[in-house]
Amino acid sequence: MFNKLEFEENAKKTTRTSRLIKGLSAVTIGLLGSMLVLSVISAEKAAPELAQTALDSISLSGVENPVTAVLLNFRSYDTLLEIAVLLIVAVAMMPESSRNTSLTAANSRVPTHPVLIGLIRCVIPLSVILSAYLLWTGAYAPGGAFQAGAVLAGAGVALLLVKRWQLNYLRLSARAFMALGLAVFVIVAATVIPATGRALNYPADYAGALILIIEVAATLSIAFVLILLVDQLLNMANKQVKPQDTQTEGLDKS
Amino acid sequence: MGAPGIVMTSAQHFLPLVIGLPLLAAVFCLLVSNSRWSARFSILFASIHTLVVMQVLSSLRDSGSVWRYELGGWGAPLGIDLVLDGFSVILLFATTIVVLCVTTYSAAYFKTPQQTSRFWPLWWLLVAGLNAAFLSGDAFNLYVALEIIGLSSVALVALAGNVSAITAALRYALVGLLGSLCYLMGVALLYRAYGTLDLALLSQTVQGTPITWAALALISVGLLLKTALLPLHFWLPPAHAGAPAPVSAALSALVVKASFYVLARFWLDVCSPAASADALNLLGFFGACAIFWGCFAACRAKRLKLLVAYSTVAQLGYLFLLFPLTAAYGPSAGSAALAAVAYLIVAHAFAKAAMFMAAGSIQLACGYDDIDRLRGVVSHQPISVFTFAIAGASLIGLPPTGGFIAKWLLLNSAIDSGQWWWIAVILCGGLFSAIYIFRVLILAFTARQGEQSSSGGPTHPIPQTMMACGFMLAIATVALGFNAEWLLSYMDINLIGFLAGTEPLP
Amino acid sequence: MLSLTIDIILGCGVLLLAFLSLFSRDLFLAIVLYISLGLLVTIAWARLDAWDVAIAEAAIGAGLTGALLLAAWHKIKEQSAPNPSTSEQSTPGQAQNVQ
Amino acid sequence: MSQDLIYCTTGIGLFALGLYGVLFVAHILRKLIAINISGIGVFLVLLATAKHEGVVDPVPHAMVLTGIVVAVAGTALCLWLTVNIHCRQITQQGESK
Chain A
95 MFNKLEFEEN AKKTTRTSRL IKGLSAVTIG LLGSMLVLSV ISAEKAAPEL AQTALDSISL
155 SGVENPVTAV LLNFRSYDTL LEIAVLLIVA VAMMPESSRN TSLTAANSRV PTHPVLIGLI
215 RCVIPLSVIL SAYLLWTGAY APGGAFQAGA VLAGAGVALL LVKRWQLNYL RLSARAFMAL
275 GLAVFVIVAA TVIPATGRAL NYPADYAGAL ILIIEVAATL SIAFVLILLV DQLLNMANKQ
335 VKPQDTQTEG LDKS
Chain B
738 MGAPGIVMTS AQHFLPLVIG LPLLAAVFCL LVSNSRWSAR FSILFASIHT LVVMQVLSSL
798 RDSGSVWRYE LGGWGAPLGI DLVLDGFSVI LLFATTIVVL CVTTYSAAYF KTPQQTSRFW
858 PLWWLLVAGL NAAFLSGDAF NLYVALEIIG LSSVALVALA GNVSAITAAL RYALVGLLGS
918 LCYLMGVALL YRAYGTLDLA LLSQTVQGTP ITWAALALIS VGLLLKTALL PLHFWLPPAH
978 AGAPAPVSAA LSALVVKASF YVLARFWLDV CSPAASADAL NLLGFFGACA IFWGCFAACR
1038 AKRLKLLVAY STVAQLGYLF LLFPLTAAYG PSAGSAALAA VAYLIVAHAF AKAAMFMAAG
1098 SIQLACGYDD IDRLRGVVSH QPISVFTFAI AGASLIGLPP TGGFIAKWLL LNSAIDSGQW
1158 WWIAVILCGG LFSAIYIFRV LILAFTARQG EQSSSGGPTH PIPQTMMACG FMLAIATVAL
1218 GFNAEWLLSY MDINLIGFLA GTEPLP
Chain C
233 MLSLTIDIIL GCGVLLLAFL SLFSRDLFLA IVLYISLGLL VTIAWARLDA WDVAIAEAAI
293 GAGLTGALLL AAWHKIKEQS APNPSTSEQS TPGQAQNVQ
Chain D
544 MSQDLIYCTT GIGLFALGLY GVLFVAHILR KLIAINISGI GVFLVLLATA KHEGVVDPVP
604 HAMVLTGIVV AVAGTALCLW LTVNIHCRQI TQQGESK
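Here the protein sequences come in this chain order: A, B, C and D. The first sequence runs 95 to 348 under my numbering. The second sequence runs 738 to 1243 under my numbering. The third sequence runs 233 to 331 under my numbering. The fourth sequence runs 544 to 640 under my numbering.
These are computed hints drawn from the structure, not numbers from a lab. There could be a bad hint or two in this list.
[What the hints assert, rightly or not] Cβ pair distances, simulated, as ranges:
id, chain 1, residue 1, chain 2, residue 2, range
1, C, HIS306, A, ILE307, 36 to 42 Å
2, A, ARG215, C, HIS306, 24 to 30 Å
3, A, ALA235, B, ASN771, 42 to 48 Å
4, B, ASN771, D, HIS595, 51 to 57 Å
[Stated by the list, open to error] To be clear about the criterion: a stretch of chain B counts as covered by chain D if any three or more of its residues have a C-beta under 8 Å from a C-beta of chain D, and this derived list gives those stretches:
id, segment
5, 901 to 914
6, 924 to 934
Each residue gets a CB set at the ideal place from its N, CA and C atoms; glycine is no exception.
So that you can see chain A by itself, here it is in the shape it has in the complex (with noise of 0.2 Å):
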């Protein structure tokens, strides 16, 4: 099935035996699509009686925004593994060798052309804005930790890409700032264990400054994660590849 990954574009050679078993293949899955409608149509929707249950017990989540109630306190575990997840993949795509600077370094190449330096003054001062807005809105409105970080991340993935700043990903700083949200997430889900005897059961009175803190915490690992999986993306140098290619074909010595 994925046995030969294609990385060229043109490589089409259809013969009449592949285009055979496309078409039956489409049709197949043209029909258990179709009996996956009828089933669905079947089916009666359930009574949205979950939806009424964390409705009323919206009073007692510390925040007011259903669907923030349910990430960050109701079904807080899942968001807490789903940080877990963008850790994974900033680890595994983290540089390999150090450019042995400091956490940001200005780059050598600034930008000259007026129209972008204008630009990239106004945006970046919004964008960062946009971001505390839609953390602070959270609580009571769409909004919260992920589209934040998404936006702040949107402003240092432009700041990177007119080259004015470079990111030292393996300093100690840049690495405490990847595992700030789950490492706050984690703590905090702990340190309320001995106030109501349950991780991750916020005492009622603190639930809307906690959800804050590990929200704070995420966003930013949420912003400097992403930013790191652009920045890798785009600045792969082929020498950061070379050095292993001489390694023999199928080995694995460390």
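Dock chains B, C and D against chain A, hints included.
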């Protein structure tokens, strides 16, 4: 909101710790990033982890009932519960022992800072994902846990750093993402029809309607992709053979079992009203095909690690015999089959991890793992070959090992349910396993013939700890054979439908 | 009735964009179509009262995934270009799109 | 024909389309696009399920938010592997000349 009347023993607080500890270890190793200290801390963390799980095991036996831990204090429909029963505790036990050995092995295996700085955080995240999957009582939470397992496994396979391994990792990643999406679609349909994500509540309300069939089919396809049952196994051999040896050990021993565990949960418990006998027999049929094909491919494999990877495909086939053996043959045959398969999972996990570790040691020492060049390898790698032999005996199902007890239990439940054809499959499978195991062993024990060996070149000294870890696991396989009663008694504490009724326990 | 019509048009539009994105001849076009699919789907989610998801999809789903896809596409192209032996894969139609 | 049904059908359609794409489209980036399209299909089914008369169920919304982030993470990892492989293949080709 929490259901009243649930008695919490203090030991139940270990349940979130089992997940939190690996997560903290991951953060810790990421921040330390010094290969020597990461390794030391990891061994320390693995030991604490083992102690915690052992404590959980003994407390669970004392309490004698299924544990539920309400994260966030909200309780089942609104919040997420951690659930621990006999099946999951057995898998947790297998995980913790393998993790302890693999951690110690890896501390000696990985040397370069480029590899260690990534390996340790990823490894602990993988462990956290495995524990989360085995403890989860919530369908969507299982999705996230499976994603953690899948993505961290992919990243770990890619650590090997050569083109073939990274290509295998990419294929694995595509399969994993596709499988997760199918699973998520199934969960979405279940949520649509029954309005809850909690597995225990679902198993009470699910009916055998078309939407449940559709959901179960989607969930099964997704999980079969991840478990690599025969027609969908194509991604497994290159990924498991190409990964660094400790990673291969964990992948074959634990990662594929996690998705099998979820699959068993859905077929036997959550969606059991929708599981027809035909479908169960079909799963068993594919399992039987996997046994034969896996053995055949292992016999033809050119490289040692590839041979071990194909043997995983074959051994996974045995697990799927669970489904036909439980199909409509009454509670006694069903529970016996589940106990046999749970035991087989542990036995296979130990044996396969030991085997990959031995193969990794041999590969590291010789610089190659082509089977044809392994002639006489026993003279300078006696411990590794011995480890391989014991683990192989367990895979074949020879007497003093855990594998023998597992096969024997499987045979028993096949006889009890009167399905003689599965008896034939189990026996033939053992015979074919013997062929590929002895193919390696005979070569390894044959004396070198003059100049032929000179092509092998000099061997490199490898750390004693690596050989010791593999050997310990091989010993554990034998020890398991002598302690079958102890492990099997946990199957009495079971949530799965036909064993303990479907009501959540007090 | 009007709202149903909007929904139907939206659904067909989404399916059409997905089809075009998968089977368009040019890879760059496929990625751009995928991003526009993400934006169109944002409207569908607003129709389903999922404002949180709509914001997240616009920012992460369409925006970030699109950026990542474009970055990877650019990278692959850039690597292939200097090597004369592999240069034949750039079709004329796609060379224009680079600019 | 209700709104719920329209979006469910669209979602399943996208899912099936993505499935076909993953299996039969050659280029790896297109396969990734196909997986993401399948994901959007699943999310559509979930969100259509969430909308009831009068109440909107926040639980599927949270699930979809989680799903979106997981999908991006998976896509990023796949893309990184892809670029990595391509890099090495090109350098190998260069060396063999």
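Now the hints, each set against the structure:
no.	hint	verdict
1	C:HIS306 / A:ILE307: 36 to 42 Å	38 Å, holds
2	A:ARG215 / C:HIS306: 24 to 30 Å	26 Å, holds
3	A:ALA235 / B:ASN771: 42 to 48 Å	45 Å, holds
4	B:ASN771 / D:HIS595: 51 to 57 Å	54 Å, holds
5	901 to 914	holds (count 8)
6	924 to 934	holds (count 5)
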